[in-house]
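A.B. asks: Given the coordinates of chain X, assemble chain S onto it according to the supplied hints.
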Amino acid sequence: MATTSIRVRETPLVLYLLRRADDALVLGHRLSEWCGHAPMLEEDMALSNIALDLIGQARSLYEYAASCEGEGNDENGYAYLRDAPQYRNLLLVEQPNGDFARTIVRQLLYSAFADPYWRAMTGSSDATLAAVAAKSEKESAYHLRHAAEWLIRLGDGTEESHARAQAALDLLWPYTGEQFEADVAERELIELGVAVNPKGLRQGWHQTLATLAERATLVLPQDGWMQHGGRSGRHSEHLGHLLTELQHLQRTYPGATW
Amino acid sequence: MTTPAFPLWEVLIRSRNGLAHRHVGSLHAADAVLALQAARDLFTRRGEGQSIWVVPSNAITASDPQDKAMLFEPTASKIYRHPTFYEVPDEVGHM
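Top line first, the protein sequences correspond to chains X and S.
First residue of the first sequence? That's 1 in our numbering, and the numbers climb one at a time after it.
First residue of the second sequence? That's 1001 in our numbering, and the numbers climb one at a time after it.
Just chain X, with the same shape it has in the complex (with noise of 0.2 angstroms):
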């Protein structure tokens, strides 16, 4: 790595802002994978549908985060000039594409809280964070829909993709408890009404995914020890590789453009 990262002054409102564009930048990062890549070409722009949609709500919650943050850091700073431990997603959207069920299941446990999320985030008492969520929900539905439909049909569909379907489920679930957690910073933004509490979603989500893994002919797996640390910056093996696709260039050029 040729450019030294950035530092950032992670007070709550831009820690929480890095956390939400964070989930969202190495989610459209993971689906961008995708291109060229997809089983079928209606997939692919589909794939690349959502990690634009993805990739647009980052960037607005990293203008944001440098608005209220005032350091002179800006979004690209945030995206390319971030070491690993200092990225705030959730483990779940850092974990590799897999086969093709892995990833709607991923972007499925994602969605299904995002989607929600968002929509009561429309309430938020901070308006530019109000108005990315009105956006992000629109987004997030189809995405939520989107992955819905696969997962009914993967699961129902042949053994073998039934068996893709259940294995990626298997593999992801301890993955999601983070979702709901809340930390002191969240927890005092919470209290001032700008952010929603993540717990309270909990519940909801878990009856969305019931309902769908059950026309998918799927088994949800039993909560058990659930993996955390990506919002404080600890993170799985993974991140660091993709980071280094991401960062490539920006490392190497440092500032260029074209």
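It should be emphasised that the hints constitute simulated quantities derived from the structure, not laboratory data.
Just so it is clear, CB atoms sit at the ideal spot from N, CA and C, and this is done for glycine as well.
You may find that some hints are simply not true.
To be verified - Computed Cβ-Cβ distance ranges for the label pairs, DEER-style:
(1) Leu220/X x Ala1005/S: 25 to 35 angstroms
(2) Ile1060/S x Trp225/X: 47 to 57 angstroms
(3) Pro1089/S x Glu214/X: 55 to 65 angstroms
(4) Arg1014/S x His37/X: 53 to 63 angstroms
(5) Arg1046/S x Thr3/X: 27 to 37 angstroms
(6) Glu1087/S x His37/X: 56 to 66 angstroms
(7) Gly56/X x Glu1048/S: 31 to 41 angstroms
C.D. replies: Quick look at chain S alone, frame taken from chain X:
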């Protein structure tokens, strides 16, 4: 990337209220719901759509290109069928 053995669907999009759905292309999808989703993802990325129809391609009965002369050429000499002898008032708007 290979083209899977999924059925072919024709996509029709209505771009504005008051206009008719127009054929924009075709796609492969396993069933009608996925075809509708794929149509949204392939053909409405630049704000083209208000409404989407998808139709199984094999539900369309098409004329035979070899019948072109029989079907279409006889109309060429009947220009009186074109409503070109009327002035359309501006208030009518889009027709």
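A.B. asks: All the hints need checking, so say for each whether the structure fits it.
C.D. replies: Results for each hint:
no. : hint                                     : verdict
1   : Leu220/X x Ala1005/S: 25 to 35 angstroms : holds, 31 angstroms
2   : Ile1060/S x Trp225/X: 47 to 57 angstroms : holds, 55 angstroms
3   : Pro1089/S x Glu214/X: 55 to 65 angstroms : holds, 60 angstroms
4   : Arg1014/S x His37/X: 53 to 63 angstroms  : violated, 33 angstroms
5   : Arg1046/S x Thr3/X: 27 to 37 angstroms   : holds, 36 angstroms
6   : Glu1087/S x His37/X: 56 to 66 angstroms  : holds, 58 angstroms
7   : Gly56/X x Glu1048/S: 31 to 41 angstroms  : violated, 19 angstroms
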